[in-house]
Amino acid sequence: MIATAGFPALGTGVRVLTASEGALAPAVAAVQRELQAIDETCSRFRSDSELAVLNRGSGAPTQVSPLLFAALEAAVRACRMTDGAVDPTMGRGIRLLGYDRDFADLRDGGPVGIIVQPAGGVGVIEMDRRTLTVRIRGGHEIDLGAIAKGLAADRAATAAHAAIREHASFPLEGTPGEGVLVSLGGDLAIAGEAPQDGWPILVTDDHAAPLDGPGQVITLRSGALATSSTTVRRWRQGGVERHHILDPRTGLPAAEYWRTASVVAATCVDANTAATASIVWGEHAISWLREHHLPARLVRLDGAVTYVNGWPVAETVAA
Amino acid sequence: MQPDDLGGRAAARRAGLDLVQGWTWAVAVGAIGLTGVLGIAAADTFHGHQSAAAATTTSSDAGASTTTSGSSEQGGITPQAPADSTFGGGLQPPVVVSGGS
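Sequence lines, in order, name chains S and R. For the first sequence, our numbering begins at -18 and goes up steadily by one. For the second sequence, our numbering begins at 19 and goes up steadily by one.
Please note that the accuracy of each hint is not assured.
Claimed, not checked - To spell it out: a stretch of chain R is covered by chain S in this simulated footprint if at least three of its residues, at any positions, have a beta carbon under 8 Å from a beta carbon of chain S; those stretches are:
1. 94 to 107
2. 110 to 119
As the list claims (entries may be wrong) - If we take Cβ atoms under 10 Å as the criterion, some of the chain S residues that face chain R in the derived model are:
3. Phe(-12)
4. Gly(-8)
5. Glu2
6. Ala6
7. Ala10
8. Gly155
9. Glu174
10. Pro176
11. Val184
12. His188
13. Leu206
14. Thr211
15. Val244
16. Ala252
Think of the hints as simulated: they come from the structure by calculation, not from any bench. Since we're looking at a predicted model, the values are computed, not measured. C-beta: ideal position from N, C-alpha, C; glycine also.
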């Protein structure tokens, strides 16, 4: 019997699912603790977050917490993995494009003149693991965006699973009902033993869609699934429509070849990295996903779907 | 000794010196060229190794500072693919949605 709970966090909707009713309470508590830590550390919208302090540092060496250092390392790794298609130094760029506060608070402020700034690349990030010191050169700002969300999902799922195992009813790995799935705005991480047939998931454009909405239903037993889409988080700036996935080469919203990219990987950080990069790359994403053995579902603007690397095709299409 | 004999011997001496100088230049140029060819062949045949310590330190784009990436996978960073058994079976009503946010 799958149990579920939901609450808002990190500017999006969170769902925690456990394979048994008794596991839900300890799982939710653990997830909330992890998300609180991520919010205080990695949020671009909180003036008191560690990331905000680092971005205001004017290039001065700044000592950071192990959590922010880990998030920056994950972001640097994602940038290198994608040859710069997912670049953490786009913080200033997306702020200049008008996405400078929680998405729910965005308004069209009328005509504006902006200077578009391409990403700086990971070369502008200096990190010393021994002293946990970070320096951002060249006036660039960090946006951990998708990476922080993926990292949060991975950490929350792991923490929830550990909390469930500490619970008296689930002392052993593989005990029936000890599995957990954490969804942060549609980016999912799984830990522990899944229900018998796996976790049934609707894959679609918008994570806020109803469970009986259009899309494809798949089941996952392990790993992680992330979806990036240009159909959500769109806003207008000076009468120009923007979306939130920037092309680091130009500093502007990526050209829309795929409207939605969903990728399964071992971790949510990698799934989210690959999904975001797929939107930026367009058609080239197919060969990269094949090369790295990542199952994916890519949806063109007209709704045509491309399945890659063993993503289930026929019998699971819901609508 | 007649003046003609002296002039002929001097000319022969100059010719001999010119010949030696020509051979010296030819050998020097040939040696430099051979060194270059052998160097290129050696570099192409025996690739170097990067130490583990060096693998965690990379040059910045400006070449003026260093960045510790925190990863020893430098140059070969790949995403972690899911397990083969990731996808489950059976048609069930969904319990959660994956979509853009």
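Structure-inconsistent hints, enumerated in ascending order: Structure breaks hints 3, 5, 6, 7, 8, 9.
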